[in-house]
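S.K.: Protein chains in written order, with numbering that gives the first Met the number 0: chain H, 0 to 241; chain V, 0 to 241.
What the hints contain is simulated information worked out from the structure, not anything from laboratory work.
Just so you know, these numbers come straight off a predicted model, no measurement behind them.
Rough simulated footprint, nothing fancy, chain H against chain V, three-plus residues with beta-carbon under 8 Å:
hint, segment
1, 32-44
2, 51-63
3, 100-106
4, 134-145
5, 187-199
Quick reminder that beta carbons are idealized off the backbone N, C-alpha and C, glycines included.
There are 2 protein chains.
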Amino acid sequence: MSDIASATYPVSPRNRVKRKHERGHYDHETVHALLDAAALAHVSYVIDGQPYCTPTLFWREGTRLYWHGSSASRMLRNLADGEPACLTVTHLDAFALARSGFSSSADYRSVMAFGRARLVTDPKEKAQALHMMVDRFFPGRDATLRPATAQEVKATAVIVMEIEEASAKIRAAGVAGDPDAALPIWAERLPVHTVIGASERCPSVPPGMERPAHLAPYAEGRPLEDALREAYAAAEAAAAAG
Amino acid sequence: MSDIASATYPVSPRNRVKRKHERGHYDHETVHALLDAAALAHVSYVIDGQPYCTPTLFWREGTRLYWHGSSASRMLRNLADGEPACLTVTHLDAFALARSGFSSSADYRSVMAFGRARLVTDPKEKAQALHMMVDRFFPGRDATLRPATAQEVKATAVIVMEIEEASAKIRAAGVAGDPDAALPIWAERLPVHTVIGASERCPSVPPGMERPAHLAPYAEGRPLEDALREAYAAAEAAAAAG
Numbered sequence: 000m001s002d003i004a005s006a007t008y009p010v011s012p013r014n015r016v017k018r019k020h021e022r023g024h025y026d027h028e029t030v031h032a033l034l035d036a037a038a039l040a041h042v043s044y045v046i047d048g049q050p051y052c053t054p055t056l057f058w059r060e061g062t063r064l065y066w067h068g069s070s071a072s073r074m075l076r077n078l079a080d081g082e083p084a085c086l087t088v089t090h091l092d093a094f095a096l097a098r099s100g101f102s103s104s105a106d107y108r109s110v111m112a113f114g115r116a117r118l119v120t121d122p123k124e125k126a127q128a129l130h131m132m133v134d135r136f137f138p139g140r141d142a143t144l145r146p147a148t149a150q151e152v153k154a155t156a157v158i159v160m161e162i163e164e165a166s167a168k169i170r171a172a173g174v175a176g177d178p179d180a181a182l183p184i185w186a187e188r189l190p191v192h193t194v195i196g197a198s199e200r201c202p203s204v205p206p207g208m209e210r211p212a213h214l215a216p217y218a219e220g221r222p223l224e225d226a227l228r229e230a231y232a233a234a235e236a237a238a239a240a241g
Numbered sequence: 000m001s002d003i004a005s006a007t008y009p010v011s012p013r014n015r016v017k018r019k020h021e022r023g024h025y026d027h028e029t030v031h032a033l034l035d036a037a038a039l040a041h042v043s044y045v046i047d048g049q050p051y052c053t054p055t056l057f058w059r060e061g062t063r064l065y066w067h068g069s070s071a072s073r074m075l076r077n078l079a080d081g082e083p084a085c086l087t088v089t090h091l092d093a094f095a096l097a098r099s100g101f102s103s104s105a106d107y108r109s110v111m112a113f114g115r116a117r118l119v120t121d122p123k124e125k126a127q128a129l130h131m132m133v134d135r136f137f138p139g140r141d142a143t144l145r146p147a148t149a150q151e152v153k154a155t156a157v158i159v160m161e162i163e164e165a166s167a168k169i170r171a172a173g174v175a176g177d178p179d180a181a182l183p184i185w186a187e188r189l190p191v192h193t194v195i196g197a198s199e200r201c202p203s204v205p206p207g208m209e210r211p212a213h214l215a216p217y218a219e220g221r222p223l224e225d226a227l228r229e230a231y232a233a234a235e236a237a238a239a240a241g
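Just chain H, same shape as in the assembly (with noise of 0.2 Å):
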């Protein structure tokens, strides 16, 4: 484990935070806790010229991120090859309102991951891809449900990418700094919150049926991203135990 919090990203043109270099992070402790604070990355791809950026939910394992989609969706066919990707997760903390539009700004906190997306095609690993889909999020709800039939795993494009390089950027500084503090202008940090909301049962749940353990992290109020990594680190250690 100790290797693994000394371990960074190697450093290219590709991934290199050059505009504003000290806001720049490579190490894996600092880019996997932020995309383990998310379910919703975008990705980018190319086809014949043309760039699409795609919303998915996402997961990681490892240095490897995974989503999945259709077997029959347009990114994911083109991906199948072994194309060059980029998946990115945005925190948007708070904004910056300095006094001057120059020093505002915002405090975010972003991961860029490149690689190339492959189709998962071997079985074993796409049966453990498609069980930590459900459990990476919600650990030891796959065991609850209903199990995926063939012809659902077969319809279910599972993608992988290695993560080649990546780079964190983080900015927390609110308005901190600003040039103009001495003029009698109002500046503020403006904070974001993304919270969990009320949990809507389905009224199709039998009468009595409560709400199961695993789903305890995710609770009224609670910033999702909390939930996101403690799910994580939950899952990550089932998964270490057996």
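Chain H is fixed; fit chain V onto it per the hints.
M.R.: Relative to chain H, chain V alone:
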């Protein structure tokens, strides 16, 4: 204005929603409402065959999308020539926890907009864009700020992309339609909300100065998208009036 309500973006193989086509919308009203409810977008572009996915604040004027950055940034240098780009906005609304992995999903509202991104070079268009970069989010605020210097204007690159094609994709089903609804398995819709936090007044603001009225829509606990949509409408009305 009746034209606007009925206008739609052209549909081509690039923007047609192929998978789950019943979720696709192409009318300006739907597309623009989802754009105006967001501050954060992800922009995809290509350099030497490599796709990049970059998060950025953005805003809309009519059928044009604007974003900005340092004149030194890699993305902006690349887009200056009118490079093909794709700007995507995603609102994640809920996890849909059905009784199988296959039927589980997410509720979301997203827009993919395609066009060619270009650097804004006309001084008048750039001045207007730098004004809207503030006022689109906080209508009336720009007039209260320390004006931009010539050097700041030079250091800020503004990018514009005329939307050639766009599509919105909306899923709002929760766990309705789960074919396994008769099974005694827990199922729920788990909502996610992005809300405004408590304003963090800069300690340098003069004592006695009150939070200005242009920030009133950004009240603690309010959905961010409501405040953004309201601010957009106010900024649009002010621009039309003046």
